[in-house]
Amino acid sequence: MEGTGFRDDSSRTFDSGSSTWPSHGHSHHSHHSSSSFVPGLLLGALGGAFGASWWRSNNPAVPPPSGYFPQHPQQPLFPNDGRTYYPAPSPVRPQPQHPYYPQYSPVPPRPSTPQNVPFLPDPVFVMPGPPPTPARKRACSLSCCLCILLVIAIVIAAMLVPKPGAHDVKVVVGDRKLVSVDSKWFKEVEVAGASQVDVYLFNQVPPLDDVVQMSKNISVNLERGSYHFVRYDVHPGSTVHVTWDFNSYNVHPTFAILESEAAFHAWKANAYIPPQWWLHDQNTPKGTYTFTAPDNSEYYFIFYSPSRRAYAKGSASFQVKAITYSITNPAAHCPAGSNDICSFTLFPGREADILFVAPTDGDSYTMTYKTKPRREAYAALFASLSSAVGVCLGVALIAWCGQKCCGMICGRKERRGYEPIPDGQGEEERRAGQSSSRNQGPHTPPQIPPFNPAVSGRYGDGRQEPSAPPPYSVMDPNVL
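The sequence shown runs 94 to 573 under our numbering.
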């Protein structure tokens, strides 16, 4: 590759290749990629659900205090039927250390007199579900965290997984550019571009055991601070022998060697160049230099004038001995001169390497290759990640609302020691106290019979007290 130009300006290069890709609107973009959209709305919804679950687990609902719901003053609390009613036991009871102890309905305190003592029915036992345990809280928190991590993994996978599309490759004279294609994600490659370039498909990386001989002669005319460069892309061990001779000049021209395209653009912009990129610098009108490439990179051989008032005219020659890839035993070959689009079928599990071989004469060429996706590979990856997210969401949902489900399903089982009241027991029977002890609740107050004036005594259960002895006197003759 050869070119001339001025510092602080774009270089004028001679490009003998052209692109013939039929459906490619712009042919000089180095890479086509698609940006990935991060589903922030999904992450926000998951974070809100996780925060609400954590708040409820750490801030349980507290029942209202006793007496929060007062009785209506107009509503009678006991029937006026002439019978005596006894107060029910206090609704405030010490709670034992048992999670399923019944909760009593709050009753406002009232003074107990024969006129206002109400008859209270059996207490209503509210059976709550099992309270949240530390294990359930940990399971819910862990599942939510794993779900968020898996969603992040899906986003990262969407960003890092190779994406199909069209890519441009630039090859300079005598270069053999190797491009690896992942056959796991792509099933086919289509190649189009300059007809002077051969394209080969290999199932493994070809060896670096071929040698290409190239030569190039140029005329150099430097004036008003211009420069003239030649580029070679070579592998380690390749040699470039340069000879130059300037027969007309007012200031000695400079010969320099730069490594990498970035260093060349920095040099044109008069920017800082790292020392490891500046490989050689020689200020002489006539000389020779043999360069051995240390790395696989782009190398720029530049002739330039040190000032805008300087000028120099002369010639230079390049003899290149490049070590490059071998082209023997390819899996497929698209020969140079083909005007049609070449297509290579890729097989999963096999390595796929495409080798672009530029001719030894000319300048630079632009080739375009297009990859087609293997849809089943993308579907398998995202289906597995989505399934893992679903499993974690299910576990978190069960751990979060499991206590409610257990309370609805298991809250009425008889294993908790509470016997239900039969449907046949009427309200009048319960008021008269005629229900059997079997049908009474475990905390029902004992039914005491009404007061009977005909029965006297301290027992209160109908038994007669023993009669007292007959009165006697000290004057009774029967008393000794």
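It is worth saying that the hints were derived from the structure and are not from the lab.
Accuracy of the hints is not assured; some may be wrong.
[Stated by the list, open to error] Computed list of lysine-lysine pairs in PhoX-like fashion (alpha-carbon distance at most 25 Å, straight line):
id : residue 1 : residue 2
1  : 406       : 379
2  : 379       : 270
3  : 280       : 256
4  : 465       : 270
5  : 465       : 256
6  : 280       : 463
7  : 406       : 361
8  : 277       : 309
9  : 256       : 277
10 : 406       : 270
11 : 277       : 465
12 : 280       : 406
13 : 463       : 277
14 : 256       : 463
15 : 361       : 379
16 : 414       : 309
17 : 414       : 379
18 : 270       : 256
19 : 309       : 379
20 : 465       : 414
21 : 309       : 406
22 : 270       : 280
[Claimed, not checked] Cβ-Cβ distance ranges computed for the label pairs, FRET-style:
id : residue 1 : residue 2 : range
23 : 375       : 442       : 46 to 54 Å
24 : 436       : 336       : 20 to 28 Å
25 : 314       : 362       : 18 to 26 Å
26 : 420       : 254       : 27 to 35 Å
27 : 245       : 490       : 37 to 45 Å
28 : 371       : 281       : 38 to 46 Å
29 : 252       : 298       : 23 to 31 Å
Cβ coordinates follow ideal geometry from the N, Cα and C atoms, glycine included.
Index of numbered hints that the structure contradicts, given in increasing order = Hints 2, 8, 10, 12, 20, 24 and 27 are the ones this structure does not satisfy, whereas the remaining hints hold.
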